[in-house]
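K.L.:
Chain by chain, the residues:
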Amino acid sequence: MLDIRGLAKSFNGHTVLDHIDLSVPRGSTTVVVGASGCGKTTLLRIVAGFESPDAGTVSIDGRQVAGPDRSVAAHRRGVGYVAQDGALFPHLTVGQNIAYGLPGSARRRKVRNRVAELLETVSLDPSYASRRPHELSGGQQQRVALARALARKPVLMLLDEPFSALDTGLRASTRKAVAALLADAGVTTLLVTHDQEEALSVADQIAVMRDGRFTQVGAPQHVYRQPRDRFTAEFLGDCIALPCTVAAGFAECALGRVPVGHSVGDGPATLALRPEQLRATIVSDTAQAGGADDSRGGVGTVIATEFLGHDVLLTIDPAGDNGPIVVRQHSLNHPAVDAKVRIEVIGSGVALK
Amino acid sequence: MVAPPLSRPAIEVSRSEAAARPGPFVSATVAILVAATCIPLGYVVWGAISVGWSRAYELVVRPRVGELLVNTVSLVVVTVPLCVAIGVAVAWLVERTDLPGRTLWRPLFVAPLAIPAFVNSYAWVGVIPSLHGLWAGVLISTLSYFPFMYLPVAATLRRLDPAVEESARALGSDSAGVFFRVVLPQLRLAILGGGLLIGVHLLAEFGAFAMVRFDTFTVAIFQQFQVTFDGAAGSMLAGVLVLLCLVLLVAEATARGTARYARVGSGAPRAATPIPLRHFAIPATASLVALAALALGVPVWTILRWLSIGGTDVWDVDAIATALGQTIGLAAAAAVLTTVLAFPVAWVAVRSHGVLARMVEGANYITSSLPGIVTALALVTVAIHFARPLYQSVPLILFAYVLLFMPRALVNVRAGLAQVPPGLEEASRSLGSSPTATFFRVTLRLTAPAAAAAAAFVFVAVATELTATLLLAPTGTRTLSMLFWSFSSELDFAAAAPYALVLVLLAIPVTLVLFRQSTKVAAL
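Top line first, the protein sequences correspond to chains A and B.
If you use the working numbering, the first sequence closes out at 1220, no skipped numbers anywhere.
If you use the working numbering, the second sequence closes out at 702, no skipped numbers anywhere.
Just so you know, these hints were derived from the structure itself, not from any lab.
All C-beta atoms, glycine included, are put in the ideal place defined by N, C-alpha and C.
One thing to keep in mind: the hints can contain errors.
To be verified - From the structure, some residues in chain B lie toward chain A, with a derived Cβ separation under 10 Å:
| no. | residue |
| --- | --- |
| 1 | Val248 |
| 2 | Pro600 |
| 3 | Glu603 |
Based on the sequences and whatever the hints tell you, model everything.
P.N.:
Printed below as a string of structure tokens:
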């Protein structure tokens, strides 16, 4: 559906996009996630037609819209675009905003009906049509911007950090509503964000970007569980890295023998685990002294606890010369400081060179 | 007379990651306009080269030039500090003390801007016929121009955070100490900007000083032009005048430095507690009344007095109607043309950065300070040598107005354009509107108020313009200011009065716009 090949762009000699490849399948949602300044917004603006690439091609629905020899103007691409702040026209009412891209006057019955229908699609009452953008809340403005972009039935929807201007509570609910709406409409969507949680929750395909390149592209579950490098692993969430030695599909580390996914080959490596894969349980001194069943998990002493309500963060000093390990788990009857704990590893880790 | 602040290189506005590149049409228009703004400077340089070094030296180093230099420099050196003192004192009294009638005073001290300086001069000569020389020039220009200082200083005072002054008090400063050590330094930028604007007006004014027989460079250039038409002596004088302007610009830029005063910390500042005047209230009110009487009362009273003396005889309705029609025609054409042409220039200045944008800023900064007489002389010379049929034609005078008042239109249009987020234009394009349609449906619509203000400023500036109009107006043209000038030059003060009245009435609405703009800026 959307096909990006070898896309490159630099501003004043500074490379912003470094030969990017990306395919977005029809009807799916792809999220490009990266820190600010990594080039993700430039990518989106090139697809929208606000910038032209230095090299590479962009094809939408089999039609090449940007390339070395031809470039289709933004208004002829049939692409929907929702900016960070919604970019509603302040001089028009909500209804006129939504009708902006529709043929015919906003007063015509046909257009009015379509506007009402679109407002309903984004769960706003049709009476909003006569309001001014500044009379709406941030979340409502964002929904109007979406309705406005949907009015022209775009083949591709581009969302540029569409939820970042909203406050936390509103962000989650708007995100959920928009994702559901776009999925129902079957619109192919490309969204960029710096918020990894947002990326993981709405994406069918996630692309992690760093310095103008994708470090990894794939299904959210896969990229989260099986990151290919340390940056990707740490960008998508908290990550515990331990030195280890890999042999025959297992990593030998301070927490014992941990199975690893796709292997980097035997030898010394770094083992990456997610905090939720670890569970600390109190062990009695006698059990420790017995030293029974040491094959899985390691033993350590809790040196600090941080109570976060639902969860608790335990900082555990493992035996041996490793640095402290942070374990996040539910806060019910959590081990106290100075308690001896056994750290158990659930599932498999990832070995990184 | 009504003039918004001089335009200066824009403070870096936030620009989209990649600035849009202007299309060939816009680039060509802007390049032609920038080239055209170089005509006055080019005329001066070309004049100096063509007469030869030794002759130029001879023309510049002569007693007459020395006399003019002394006159002009003394005028600036005396008037600007006077305006600073009056403007700052009035602004402080009105904005910061418990002086009664604040809402009445505020517009009253902006109102003198509605009276062209040459009308003010005419009024004073009517009251004191023997008025002449440097002190007459100082009196009239101070009364005409102090609002240029009052406006920005009052706006800044309203914006200052009172918490800073309270801290100074807590640190042991008394009222005077707070004013000189904390308030005055924060007014520096406003004072410098106002001072530059007043200086530029002093150098450019012709009518007001000619009326009181005070010879500045501009007056002398005008007289020289009437005698020798296109002489080397005139262009040499113009050269010295341009140098004086550049000295002003450089002095202001140096004094300004890179200073920026911003309030540190967040949140809206509280309103300041008015300082009680106590037993100073009566003398303070009395001085403000006196100032208002001198700046407003004298011109208004004189015009009304001459009108009553002239009776119905001076109301030559046909002549006034014709002059009004011609004035409105010229002013409206110039206002529309200038505002339309200001759009591509403002767009380049706001939305792109590059050689062209920097050239626009630079050219605009310098031309905004050039006296109208230099521009007019340059166009006369160019027309005579290269485009004879254009001399004394409507297109040429409109072109002169565009060059003279483009900076005023630009200040407004640029501010309006800078407030249209590029994101809105992009949203429009992604919704299927072509760049041209986007300009008309979004950009132009949102800039309309700013463009209207720009057109209004240019309209009044043209309607009350005298110097360039006298030099360039097509034969048979009789604008209000030209007729006013010819009657008052013949000392027929009563016949001139109706024209003075109409000129003032034309300027009042735009002065109101200026007043409202300045209060709005302060409210930000």
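K.L.:
Hint by hint, note whether the structure agrees.
P.N.:
Tested hints:
no.: 1; hint: Val248; verdict: violated, 52 Å
no.: 2; hint: Pro600; verdict: holds, 9 Å
no.: 3; hint: Glu603; verdict: holds, 9 Å
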